[in-house]
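Quick mapping for you: the protein sequence lines, in order, are chains E and L. Under the working numbering, think of the first position of the first sequence as 1, with each following residue one higher. Under the working numbering, think of the first position of the second sequence as 1, with each following residue one higher.
Keep in mind that the hints were calculated from the coordinates and are not lab data. For every residue, glycine included, the Cβ atom is placed at its ideal position computed from N, Cα and C. It cannot be assumed that every hint is accurate.
[What the hints assert, rightly or not] Over the 10 Å line for every Cβ pair with chain E, so calculated as not near, a few chain L residues:
no.	residue
1	L56
2	V62
3	R118
4	G155
5	M258
6	P280
7	P287
[Said to hold, decoys possible] Here are the computed distance ranges between Cβ atoms for each label pair:
no.	chain 1	residue 1	chain 2	residue 2	range
8	L	N267	E	P309	31 to 39 Å
9	E	R111	L	Q61	32 to 40 Å
10	L	Q61	E	Q105	26 to 34 Å
11	L	A242	E	P43	42 to 50 Å
12	L	A242	E	D92	54 to 62 Å
13	E	S53	L	D141	21 to 29 Å
14	E	N69	L	R32	57 to 65 Å
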Amino acid sequence: MTMEPLLKVLDVTKDFRRSSLGRRSSTQNIIRAVDGVSLEILPGETLGLVGESGSGKTTLARCIMRTCNVTSGRIVFDGIDTTDLGRRQLLDARRNIQMVFQDSQGALNPRRRVTQIIGEPMAIHGVAKGSELRRRVADLMEMVGLNPNDADRFPGDFSGGQRQRIGLARALGLRPKLVVLDEPVSALDSSIQAQILNLIVDLKKQFEMAYLLIAHDLSVVNHLSDQVAVMYGGRIVECARAEELNRLPRHYFTHALHSAEPGSPTHTSRLASRDSTISPENGALGCSFSQRCPAAEDLCRETVPTLVPVPNEEGHRVACHFPRTT
Amino acid sequence: MAVLEVRDLHVSYPTERGSVRAVRGVSFSSYRGKMLAIVGESGSGKSTCAQSILKLDPSAQVSGQILFHGENLLTAKPRRLRAARGSGISIILQDPLSGLHPYHTVGWQIVEAIRAHRPDISKRHARDWAIDGLDRVRLSDPLRVAESYPFQLSGGMRQRAMIAMAVILDPEVLIADEPTSALDVTVQAEILELIGNLKAESDMAVVLITHDLEVASQMADEVVVMYGGSIVERADRLELFAHPVHPYTDGLLRSSLMRHDGSGTLNSIPGQPPDPLELPGGCCFHPRCSRATPRCQTDSPQLLPIRPGASHECSCWNALGDEIQMSDRTLLR
Numbered sequence: 001m002t003m004e005p006l007l008k009v010l011d012v013t014k015d016f017r018r019s020s021l022g023r024r025s026s027t028q029n030i031i032r033a034v035d036g037v038s039l040e041i042l043p044g045e046t047l048g049l050v051g052e053s054g055s056g057k058t059t060l061a062r063c064i065m066r067t068c069n070v071t072s073g074r075i076v077f078d079g080i081d082t083t084d085l086g087r088r089q090l091l092d093a094r095r096n097i098q099m100v101f102q103d104s105q106g107a108l109n110p111r112r113r114v115t116q117i118i119g120e121p122m123a124i125h126g127v128a129k130g131s132e133l134r135r136r137v138a139d140l141m142e143m144v145g146l147n148p149n150d151a152d153r154f155p156g157d158f159s160g161g162q163r164q165r166i167g168l169a170r171a172l173g174l175r176p177k178l179v180v181l182d183e184p185v186s187a188l189d190s191s192i193q194a195q196i197l198n199l200i201v202d203l204k205k206q207f208e209m210a211y212l213l214i215a216h217d218l219s220v221v222n223h224l225s226d227q228v229a230v231m232y233g234g235r236i237v238e239c240a241r242a243e244e245l246n247r248l249p250r251h252y253f254t255h256a257l258h259s260a261e262p263g264s265p266t267h268t269s270r271l272a273s274r275d276s277t278i279s280p281e282n283g284a285l286g287c288s289f290s291q292r293c294p295a296a297e298d299l300c301r302e303t304v305p306t307l308v309p310v311p312n313e314e315g316h317r318v319a320c321h322f323p324r325t326t
Numbered sequence: 001m002a003v004l005e006v007r008d009l010h011v012s013y014p015t016e017r018g019s020v021r022a023v024r025g026v027s028f029s030s031y032r033g034k035m036l037a038i039v040g041e042s043g044s045g046k047s048t049c050a051q052s053i054l055k056l057d058p059s060a061q062v063s064g065q066i067l068f069h070g071e072n073l074l075t076a077k078p079r080r081l082r083a084a085r086g087s088g089i090s091i092i093l094q095d096p097l098s099g100l101h102p103y104h105t106v107g108w109q110i111v112e113a114i115r116a117h118r119p120d121i122s123k124r125h126a127r128d129w130a131i132d133g134l135d136r137v138r139l140s141d142p143l144r145v146a147e148s149y150p151f152q153l154s155g156g157m158r159q160r161a162m163i164a165m166a167v168i169l170d171p172e173v174l175i176a177d178e179p180t181s182a183l184d185v186t187v188q189a190e191i192l193e194l195i196g197n198l199k200a201e202s203d204m205a206v207v208l209i210t211h212d213l214e215v216a217s218q219m220a221d222e223v224v225v226m227y228g229g230s231i232v233e234r235a236d237r238l239e240l241f242a243h244p245v246h247p248y249t250d251g252l253l254r255s256s257l258m259r260h261d262g263s264g265t266l267n268s269i270p271g272q273p274p275d276p277l278e279l280p281g282g283c284c285f286h287p288r289c290s291r292a293t294p295r296c297q298t299d300s301p302q303l304l305p306i307r308p309g310a311s312h313e314c315s316c317w318n319a320l321g322d323e324i325q326m327s328d329r330t331l332l333r
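Make a model of the complete structure from these sequences and hints.
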């Protein structure tokens with residue numbers, strides 16, 4: 001029996017208008033940040049979403065959280081289509097989906113006490129109040145490795161790693177089924193990163209929830225994820241189980257990400273230099289990676305490759321006309 | 001002989017909460033054609049060291065000696081310091097957007113850098129020179145880049161332009177302060193390679209400041225590890241990564257994902273980096289150290305060779321010795 005996915009993203013596209021000034025209706029002013037992305041997350045699973053800055057991964061997360069509306073496509077969470085939900089129903093749906101942000105300083109209100117910050121989602125959803133709420137906050141603080149005696153302090157009194165723990169505690173209060181982690185460790189010092197990564201792993205075991213992990217660092221994604229999806233120019237270019245992707249990345253961009261990691265064993269092959277920021281709107285013609293791809297041929301500059309299964313590798317899909325074979 | 005020698009550098013800043021001793025007695029030397037990496041977390045004093053070499057922050061109280069070809073820049077006349085800046089020692093900053101002026105084209109800024117030090121060169125000639133410089137950092141269309149404003153370029157291109165400006169006068173020492181931290185990992189690899197190539201081409205001394213041990217392991221000849229404003233370990237690159245002896249260096253390497261065998265819990269260093277305003281007594285690392293003894297809380301260890309005559313130095317009372325051979329660690333790949 002196959003498990004019903006917790007989250008289904010179906011052919012989602014998100015356009016942004018470049019600027020409110022100037023030619024408002026011109027199609028040139030439209031930037032397609034996410035372009036026809038489909039993915040699924042099973043209950044209790046971690047999906048890693050990796051890509052360079054500007055690849056659309058954070059925009060996709062915002063669409064899933066519905067902090068922005070999609071241009072087209074559907075998002076089905078826990079059997080409910082959230083794409084067109086109204087305020088009231090959306091609030092109910094969001095109870096099961098929470099987010100932890102990269103910049104813990106910006107994500108926590110500096111004038112609220114930690115107890116208010118962690119307790120707020122529970123108060124909004126009427127889960128607990130008064131002394132019961134305080135007790136739950138204290139429990140959560142303990143679970144993420146904070147001292148409950150610090151509950152009345154302000155976010156500014158904490159270090160970056162501790163603030164990230166506060167963000168995790170706030171996300172966990174409602175026992176969500178899915179937590180979106182947007183670059184959870186990239187702003188942290190190297191000696192703190194390992195602490196937070198371990199905490200993220202422990203909490204998942206404890207709470208039996210699914211993660212959508214967004215990161216630019218392939219080693220972080222590989223460490224935490226079951227499935228990994230690689231984004232480039234607003235599209236998913238490769239998707240596979242983490243170990244499969246490690247063993248043999250099929251897409252040249254994934255391979256380049258691997259070999260660009262400092263200390264990587266295959267630190268030899270290099271990408272052609274990126275001449276300007278890859279603007280998603282340029283991707284309309286052909287594969288958006290073709291400008292930098294070492295194996296690009298005429299076909300790549302003319303036709304957009306679709307995401308198709310790799311033969312004999314279950315669950316491995318790649319969007320490339322000439323995928324790597326060795 | 002060392003081109004640049006920093007001796008017993010102390011830097012402190014006045015703040016509202018009192019004086020911060022950001023750097024406490026740091027010494028290192030930089031040689032032509034060699035890369036020295038200074039590795040540390042935020043607040044370890046690594047960037048302060050870099051900026052103090054050029055006296056970039058007027059509010060910093062700096063003592064010690066910074067010897068450039070034997071001349072102490074800290075006591076040098078402003079004219080001498082100005083001559084050393086740019087043409088003798090130059091710096092690349094982490095964020096190229098704040099290092100480049102937003103109102104001027106990249107070409108204009110490089111021309112300005114040339115003419116500030118070489119007023120004898122005509123504008124036209126300086127412009128040709130600037131375009132050659134952009135070509136040298138492998139920008140594919142140097143003419144177009146020269147006419148662009150910084151915001152029109154991608155992060156990687158901006159950093160290349162910044163590097164072009166830094167090396168345009170063939171400095172003897174290049175200080176790179178976190179040159180790739182703001183960039184994507186694919187671009188990071190290109191920029192590091194470029195710095196390595198420029199170093200080899202023009203026989204520069206490079207001081208690379210980074211928080212990333214993996215970057216240092218890939219690039220540097222010698223590595224200095226800083227913690228709480230002091231050097232805790234210094235060694236040849238291969239030696240440091242194969243046989244770290246300071247518990248902090250060892251902990252950092254063990255917690256690195258790149259060196260993780262794949263499954264299970266990561267090793268991590270407990271606790272937080274110290275607050276520079278309230279540094280712990282004795283060895284600053286003792287509250288987080290698994291090998292700490294009562295002595296570590298009261299006496300500061302000195303940076304000393306691990307064996308008589310060795311170039312590998314460490315400041316720790318209980319350094320990892322021969323009883324733990326690092327055989328369980330994947331060595332430099």
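How the hints compare with the structure:
{"no.": "1", "hint": "L56", "in the structure": "holds, 23 Å"}
{"no.": "2", "hint": "V62", "in the structure": "holds, 25 Å"}
{"no.": "3", "hint": "R118", "in the structure": "holds, 30 Å"}
{"no.": "4", "hint": "G155", "in the structure": "violated, 8 Å"}
{"no.": "5", "hint": "M258", "in the structure": "violated, 4 Å"}
{"no.": "6", "hint": "P280", "in the structure": "holds, 15 Å"}
{"no.": "7", "hint": "P287", "in the structure": "holds, 13 Å"}
{"no.": "8", "hint": "N267/L to P309/E: 31 to 39 Å", "in the structure": "holds, 38 Å"}
{"no.": "9", "hint": "R111/E to Q61/L: 32 to 40 Å", "in the structure": "holds, 34 Å"}
{"no.": "10", "hint": "Q61/L to Q105/E: 26 to 34 Å", "in the structure": "holds, 29 Å"}
{"no.": "11", "hint": "A242/L to P43/E: 42 to 50 Å", "in the structure": "holds, 44 Å"}
{"no.": "12", "hint": "A242/L to D92/E: 54 to 62 Å", "in the structure": "holds, 56 Å"}
{"no.": "13", "hint": "S53/E to D141/L: 21 to 29 Å", "in the structure": "holds, 22 Å"}
{"no.": "14", "hint": "N69/E to R32/L: 57 to 65 Å", "in the structure": "holds, 59 Å"}
When the structure is compared with the earlier hints, violations turn up for hints 4 and 5 and for no others.
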